[in-house]
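Visitor: So the sequences go chain by chain: U and R.
If you're matching positions, the first sequence starts at 110 in our numbering and goes up one per residue.
If you're matching positions, the second sequence starts at 19 in our numbering and goes up one per residue.
Please note that the accuracy of each hint is not assured.
As the list claims (entries may be wrong) - Sample of chain R residues at the chain U side, in silico, Cβ under 7 Å:
| no. | residue |
| --- | --- |
| 1 | 34 |
| 2 | 35 |
| 3 | 38 |
| 4 | 40 |
| 5 | 122 |
| 6 | 126 |
| 7 | 144 |
| 8 | 151 |
| 9 | 180 |
| 10 | 187 |
Claimed, not checked - So these bits of chain R aren't anywhere near chain U, every CB distance computed over 10 Å:
| no. | residue |
| --- | --- |
| 11 | 23 |
| 12 | 26 |
| 13 | 48 |
| 14 | 75 |
| 15 | 129 |
| 16 | 140 |
| 17 | 141 |
| 18 | 156 |
| 19 | 164 |
| 20 | 179 |
| 21 | 215 |
| 22 | 227 |
| 23 | 229 |
Keep in mind the hints are simulated off the structure, nothing from the lab.
We treat Cβ as the ideally placed atom computed from N, Cα and C, and that holds for glycine.
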Amino acid sequence: MAVVSGWGLRIRRPGLSEFNSATIVGRILGRITVSDDGSLSNSAFASGEPRAMVSGGVSQFNATPPPEVTFSGNTMSWTYPTPAPGTERPTVTIIYWVQ
Amino acid sequence: MAGWGFRSRNSATGSIQIDGENPNIALLGKGTITTGPVEPSSGVHSVGSISVAGEPGQVPLIAVRCTAAVALASSSYDGGSGEWTFQVVAKGAARSVTWYAFGEPAAIATPGWGVRVKKAGTVIWDTRDKPAVVVGELQGIRGATYPSTSLPAGKTYALLMAMTPESKTQSVTNTGFNSYRIENMHDRMGWSLNGASVASENIRTLYASGDYSVPPAPPPPGSWHIESKRYHCLFLDVTGF
Numbered sequence: 110m111a112v113v114s115g116w117g118l119r120i121r122r123p124g125l126s127e128f129n130s131a132t133i134v135g136r137i138l139g140r141i142t143v144s145d146d147g148s149l150s151n152s153a154f155a156s157g158e159p160r161a162m163v164s165g166g167v168s169q170f171n172a173t174p175p176p177e178v179t180f181s182g183n184t185m186s187w188t189y190p191t192p193a194p195g196t197e198r199p200t201v202t203i204i205y206w207v208q
Numbered sequence: 019m020a021g022w023g024f025r026s027r028n029s030a031t032g033s034i035q036i037d038g039e040n041p042n043i044a045l046l047g048k049g050t051i052t053t054g055p056v057e058p059s060s061g062v063h064s065v066g067s068i069s070v071a072g073e074p075g076q077v078p079l080i081a082v083r084c085t086a087a088v089a090l091a092s093s094s095y096d097g098g099s100g101e102w103t104f105q106v107v108a109k110g111a112a113r114s115v116t117w118y119a120f121g122e123p124a125a126i127a128t129p130g131w132g133v134r135v136k137k138a139g140t141v142i143w144d145t146r147d148k149p150a151v152v153v154g155e156l157q158g159i160r161g162a163t164y165p166s167t168s169l170p171a172g173k174t175y176a177l178l179m180a181m182t183p184e185s186k187t188q189s190v191t192n193t194g195f196n197s198y199r200i201e202n203m204h205d206r207m208g209w210s211l212n213g214a215s216v217a218s219e220n221i222r223t224l225y226a227s228g229d230y231s232v233p234p235a236p237p238p239p240g241s242w243h244i245e246s247k248r249y250h251c252l253f254l255d256v257t258g259f
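Take these sequences, add in the hints, and give me the full structure.
Guide: Structure below.
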């Protein structure tokens with residue numbers, strides 16, 4: 110166990126790892142369902158390191174892979190791969206948080 | 019200054035850990051599934067399903083642990099059963115996959131809490147919640163090699179695959195006078211966790227081919243390849259969950 114000095118909040122519970130000022134945890138900012146390229150801005154991204162998980166996609170061969178998500182400042186952008194002939198973009202949900 | 023009542027910050031990064039505005043990512047449930055036999059569509063992978071009770075529009079975050087490479091392939095919501103279902107693909111047959119669902123924690127009504135944080139009268143943080151603790155992450159653009167790492171020993175971990183590289187290829191080749199072959203391939207990047215060792219590798223989830231003659235088949239279609247290359251996997255400490 111790491112020894113932490115100058116702690117503000119420590120939570121110790123039997124069997125669980127200690128929560129202290131060095132612990133990295135995420136706070137959920139929102140979810141957005143998308144089917145095309147886009148972006149959104151959220152000032153809360155500045156309160157830590159923004160992260161996102163893409164949930165969804167389909168297994169069918171005639172669908173493009175889900176979009177890739179990037180961050181720049183307070184803006185989150187998502188971009189699908191360029192479709193191939195006969196393929197469609199799947200609708201996915203992006204869950205985004207800051208940690 | 020905002021009207022928050024309580025905030026805790028990470029002493030190293032300055033990031034807000036807890037506040038009265040946004041709920042922490044906390045454990046909603048866990049379970050174990052076993053994937054099925056090797057699918058004939060690839061001869062390589064097996065499939066399993068994770069079902070989690072939830073609300074529409076509130077898709078949870080799913081973290082997994084498996085000694086074989088796994089990836090999340092799709093998700094859907096069934097309003098009848100009130101469940102989210104996540105399809106898991108694994109390299110090999112009959113793989114045991116332990117899953118953890120995370121999201122906004124439900125308020126715990128019973129007493130016994132140490133500290134609680136409320137937002138407009140609703141509890142959004144409670145010391146009894148089990149937060150998704152991030153102990154590391156790997157992210158980047160997939161290249162010729164697949165990333166791997168080691169985590170500190172002595173803990174139990176799960177992998178949160180935020181972005182998974184995926185590629186689909188249709189390859190058309192001439193095989194003779196007025197004849198051609200089509201090959202379709204679908205690949206995903208999967209992650210495995212053996213104790214504290216994390217590794218990744220390709221999982222082929224489709225390989226199909228066919229030979230055609232012209233006529234009676236129509237002229238050959240074109241070859242194509244589509245791919246997402248960005249990967250991002252977070253490593254969560256789920257010790258005692």
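Visitor: Can we keep the residue 34 of chain R interface hint, with Cβ of chain U closer than 7 Å?
Guide: holds, 5 Å
Visitor: Using Cβ atoms only, decide whether residue 151 of chain R comes closer than 7 Å to chain U, and label the hint accordingly.
Guide: holds, 6 Å
Visitor: Should the interface hint for residue 35 of chain R be scored as holding, given a Cβ-Cβ cut-off of 7 Å against chain U?
Guide: OK, holds: residue 35 of chain R within 7 Å of chain U, min 5 Å.
Visitor: Tell me if the interface restraint on residue 187 of chain R is satisfied: Cβ within less than 7 Å of some Cβ in chain U.
Guide: Result: violated, 9 Å to nearest chain U Cβ.
Visitor: Hint residue 38 of chain R vs chain U: min CB-CB distance below 7 Å?
Guide: Because about 11 Å separates residue 38 of chain R from the closest Cβ in chain U, which is outside the 7 Å limit, the hint is violated.
Visitor: With a cut-off of 7 Å, does the beta carbon of residue 40 of chain R approach a beta carbon of chain U closely enough for the hint to hold?
Guide: Result: holds, 4 Å to nearest chain U Cβ.
Visitor: Looking at residue 179 of chain R again, its CB stays over 10 Å from all of chain U?
Guide: violated, 8 Å
Visitor: Report holds if the minimum CB distance from residue 26 of chain R to chain U is greater than 10 Å, and violated otherwise.
Guide: violated, 5 Å
Visitor: Could you check that no beta carbon of chain U comes within 10 Å of the beta carbon of residue 141 of chain R?
Guide: Consistent with the label, residue 141 of chain R stays out of reach of chain U, its closest Cβ about 15 Å off (over 10 Å).
Visitor: Residue 122 of chain R was flagged as interface toward chain U. Is the shortest Cβ-Cβ separation under 7 Å?
Guide: holds, 6 Å
Visitor: Take a quick look at residue 23 of chain R and tell me if its Cβ sits farther than 10 Å from every Cβ on chain U, holds or violated.
Guide: holds, 14 Å
Visitor: Does residue 229 of chain R really sit off the interface, with its C-beta more than 10 Å from all C-beta atoms of chain U?
Guide: Residue 229 of chain R is indeed farther than 10 Å from all Cβ atoms of chain U, at 18 Å.
Violated hints, in rising order: 3, 6, 7, 10, 12, 14, 20; the structure is consistent with all others.
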